[in-house]
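Chemist: For the record, the sequence lines run as chains A and B.
Residue numbers 0 to 115, in numbering that gives the first Met the number 0, belong to the letters of the first sequence in order.
Residue numbers 0 to 140, in numbering that gives the first Met the number 0, belong to the letters of the second sequence in order.
There's no promise every hint is true.
[As the list claims (entries may be wrong)] Mimicking BS3-like on lysine-lysine, the simulated pairs with C-alpha atoms at most 25 Å apart in a straight line are:
{"no.": "1", "chain 1": "A", "residue 1": "K110", "chain 2": "A", "residue 2": "K94"}
{"no.": "2", "chain 1": "B", "residue 1": "K40", "chain 2": "A", "residue 2": "K110"}
{"no.": "3", "chain 1": "A", "residue 1": "K84", "chain 2": "B", "residue 2": "K40"}
{"no.": "4", "chain 1": "B", "residue 1": "K40", "chain 2": "A", "residue 2": "K65"}
{"no.": "5", "chain 1": "A", "residue 1": "K1", "chain 2": "A", "residue 2": "K73"}
[Claimed, not checked] Simulated DEER-style distance windows between Cβ atoms:
{"no.": "6", "chain 1": "B", "residue 1": "K7", "chain 2": "A", "residue 2": "D23", "range": "36 to 44 Å"}
{"no.": "7", "chain 1": "A", "residue 1": "Y105", "chain 2": "B", "residue 2": "L3", "range": "42 to 50 Å"}
{"no.": "8", "chain 1": "B", "residue 1": "R35", "chain 2": "A", "residue 2": "Y105", "range": "41 to 49 Å"}
{"no.": "9", "chain 1": "A", "residue 1": "D113", "chain 2": "B", "residue 2": "K115", "range": "35 to 43 Å"}
{"no.": "10", "chain 1": "A", "residue 1": "K1", "chain 2": "B", "residue 2": "D124", "range": "44 to 52 Å"}
In case anyone wonders, no lab produced these hints; they're calculated from the structure.
Glycine included, each C-beta is placed from N, C-alpha and C at the ideal position.
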Amino acid sequence: MKLYEIRDLLKADVLCNEEMLSMDTDSAFGCDLMSDVLALSKKETVLLTGLTNIQTIRTAEMLDIKCIIFVRNKRPDETIVEFAKENGMCLLATKYTMFTSCGILYSSGLKGVDME
Amino acid sequence: MDELLNVKYDVASGDFIRGGEASSNIKKLLQQLGVRNDIIKRICVACYEAEMNIVIHSVGGYIEAKVFSDRIEITAFDNGPGIENIDLALQEGYSTASNLAREMGFGGGMGLPNIKRSCDEFYIDSKVGEYTKIKIIVYLK
């Protein structure tokens with residue numbers, strides 16, 4: 000699924016790196032606990048989270064996660080958006096809750112990443 | 000064995016803004032050395048969790064990375080307060096993290112298990128009131 004399809008399905012705003020929207024992903028992970036995100040080892044995934052602090056970006060950096068989707072209308076502040084931009088990540092923000100966001104994407108064909 | 004890289008970064012207690020910088024720097028250095036991406040990811044997970052442990056739980060310490068031709072060694076050392084029961088700390092889900100750490104997405108009790116899972120060799124040593132030292136090794140071949 001292309002990132003622009005995710006944007007359209009979730010009626011999301013693009014916060015940075017819009018040029019990355021043609022990137023493809025075949026799986027997603029939804030979580031507010033960064034250590035659980037770090038327990039993943041799968042390569043290509045996007046992250047849905049309600050956590051908007053700098054450690055969310057750091058966690059994504061460590062795992063080479065290229066797209067973060069903030070749910071529940073959460074918006075990171077400008078410094079965090081800038082930090083993500085510098086690190087080559089595309090940030091999206093949707094008004095849908097975590098459950099609804101995941102449900103929309105899953106029913107549209109995007110699979111989940113399972114813990115090992 | 001030839002040492003290809005040896006770097007050391009101080010890690011401050013409670014600094015959730017800069018926490019992760021050492022791991023980020025180490026990641027970039029490993030990329031420059033041409034280390035395989037899957038190995039870098041394992042090192043990064045272990046290194047970042049260890050760094051955040053210093054931020055969350057300790058009075059401060061350092062992260063040291065050494066690269067040899069056949070392995071990468073990461074040492075995370077802090078100056079206390081130490082771990083009373085290491086077996087308990089290694090259990091998934093066990094945590095003594097503060098509410099602030101939880102707000103930042105940590106404190107789920109997965110730090111040490113994630114570190115252990117990411118490496119080929121794992122050593123932990125701690126003395127209450129003095130220090131905690133974690134050393135991990137990831138093989139390059």
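Chemist: Checking each numbered hint in turn, tell me which of them this model violates, lowest number first.
Modeler: Hints 8, 9 not satisfied by this model.
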